[in-house]
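Student: Letter by letter, the chains look like this.
Number of protein chains: 2
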Amino acid sequence: MVLSSWGCAAPGGGNSNDAEPLTIARQGSFFVGGRNLKSDNLSLLPAYAPSGTIAVEQMYVHFQEPVAATRPPVVLVHGCCLTGKTWETTPDGRMGWDEFFVRRGFPTYVVDQASRGRSAADPSSIVQVKAGRAGADALPQVFGAAQEGAWTIFRFGPEYPKVFPGMQFPLEAQAEFWKQMVPDWLNALPTPNPTVPALSELAQRLNGAVLMSHSQSGIYPFQTATLDRRGVAGIVSIEPGACPAAASDMRPFAGMPILVLWGDYVDQSPRWAPRLKQCREFVEAANKAGAKAEMVMLADVGFPGASHMLMQDRHSLKIGEWLAGWLDRHVAR
Amino acid sequence: MVLSSWGCAAPGGGNSNDAEPLTIARQGSFFVGGRNLKSDNLSLLPAYAPSGTIAVEQMYVHFQEPVAATRPPVVLVHGCCLTGKTWETTPDGRMGWDEFFVRRGFPTYVVDQASRGRSAADPSSIVQVKAGRAGADALPQVFGAAQEGAWTIFRFGPEYPKVFPGMQFPLEAQAEFWKQMVPDWLNALPTPNPTVPALSELAQRLNGAVLMSHSQSGIYPFQTATLDRRGVAGIVSIEPGACPAAASDMRPFAGMPILVLWGDYVDQSPRWAPRLKQCREFVEAANKAGAKAEMVMLADVGFPGASHMLMQDRHSLKIGEWLAGWLDRHVAR
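As you go down the protein sequences, you meet chains A and B in turn. If you want the working numbering, it's the 1-based position in the first sequence plus 188. If you want the working numbering, it's the 1-based position in the second sequence plus 188.
None of these hints come from the bench; they were simulated from the model. Every clue listed holds true.
Copies of the same chain are indistinguishable here, so a pair counts whether it falls within one copy or spans any two.
Taking lysine to any residue pairs in the SDA-like style, the calculated list, with each CA pair at most 20 Å apart, reads: (1) 476 with 437; (2) 226 with 364; (3) 226 with 348; (4) 350 with 459; (5) 480 with 433; (6) 480 with 469; (7) 350 with 239; (8) 506 with 216; (9) 506 with 207; (10) 226 with 363; (11) 350 with 241; (12) 226 with 362; (13) 226 with 340; (14) 226 with 349.
Turn these sequences into a full structure, and let the hints guide you.
Tutor: Given below as structure tokens:
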């Protein structure tokens, strides 16, 4: 193939040799959702007016489309205390899933959750309290995840700084990884998180997309399908913080391909083991209601040692390849 | 050229037909700068520890490299109340300068300023005040820019909602534009802004780059060159909020190509007219000290009607083309 040495798209739209240049049909970014809010607490600075309108609750979306998409669009949604950066270049400098899925023929959409990253938060209550117009209780419940605590949550090891044997996260690049973490405004937002209706709007605009979530956002694709099934072609929930309760209404999931995917060491984690159990109950209940749901432990399909941040682990692209195969087998075009 | 119909790179590394697919040699993201901070005020939630280490002041960078770069790297730095989104797809859905410059053979780096977008802010003082451990004065001086006030600052018109005759910003897409705006933490940061040393580190890593700033960040490339000239191949300051004082040390700019670029209606703006005057004085002083500085009004080179957000105006790609030509004429490889 002379053409491929020029970095052209391989037949089928993907770029199968990851060392070659990447050819994309279209890329860009836009916002979905959001609403205008009038506030009298926007600024205490003379150069900026205290009162006026701002847009809040919108969701930033960055996308790349392969030249000839052969596979369904995927929407990548990050977890707690992180942004869309989760899916980009790994801390040790390898290709992220944002590019990997494009190279495999999937139009790929990476979002920043509402009030995180490039999706604006509302500063009003901070300004209001600083001005003495409200008490400290009015402040948003913003939090940062400390590296020491996140170490355990991300299952790099049982406790900071111990490491699980065989764990695949590139810890030599952890300083770069910690820089990915941002303050989390989740608890300052209404329920459901505005990211959920925005995901629904995006999935419908795309006329069908696989919603791929992680951790804190694990429940969002399920909430999206419950809000409106249209556009939800499938769900991949990676290490979800929660699955829908087994006793809840399973009708939104009838016929829907669903993968709940887990890394390693889950049973050794007091934080994650109950979530695994709860998701197993969900998968059983969903399948009784006609869903095509599956729970997979990566160690059982050839990938032991996966951390909670498995899209950045040393074997992240092999896991991505397996995931692309799962989507081929389960999600209709 | 049969090859070009396959979306291959044009000779010289650029993709000269903007309707064709884009071929890039490499893309990705990383952080520059940052430091670890220990805090006892990270969280009031039982699920996240109150104490521990977070990384702050790092700068997020997203980049794309053309197949055969024929022109120097450019680093695009957004202004007040915005993020790197400034340089991406315009509100009315046209190509942003992030892609345009790649197609013209420039390796292109888009940053989020420290404490903005995907570059983490420090939530400690919010948590501290909410917990009653400090008074409201300790809160960060965060502000949001109201749409009504920003209208005048961005020179869409003399006052909201009046429009300057012939103004080129795509106001029919303003709802999408307002969603780009985020709370601004600038005043909660040390001086110089941590973005400045991060830009210096980035420019040196790139072994020479043009620093292109906008508005609030207009002064940053000058501060970067003053901190350390290494790596600063040239400066394009678009509608800077300030230029260096004419009485300040001009030695860092000796021999340096500098463009201070302005849109239209500046003389009609009480906010901007003094800044134009101040920058004119800087350019004169810099040139006396051996700089290769130039101030250009876009209306004088064939582009009347440019707003403050000129990289998103209807004629943004024509302005970009002019700018690429300026860089060819003034910045050495």
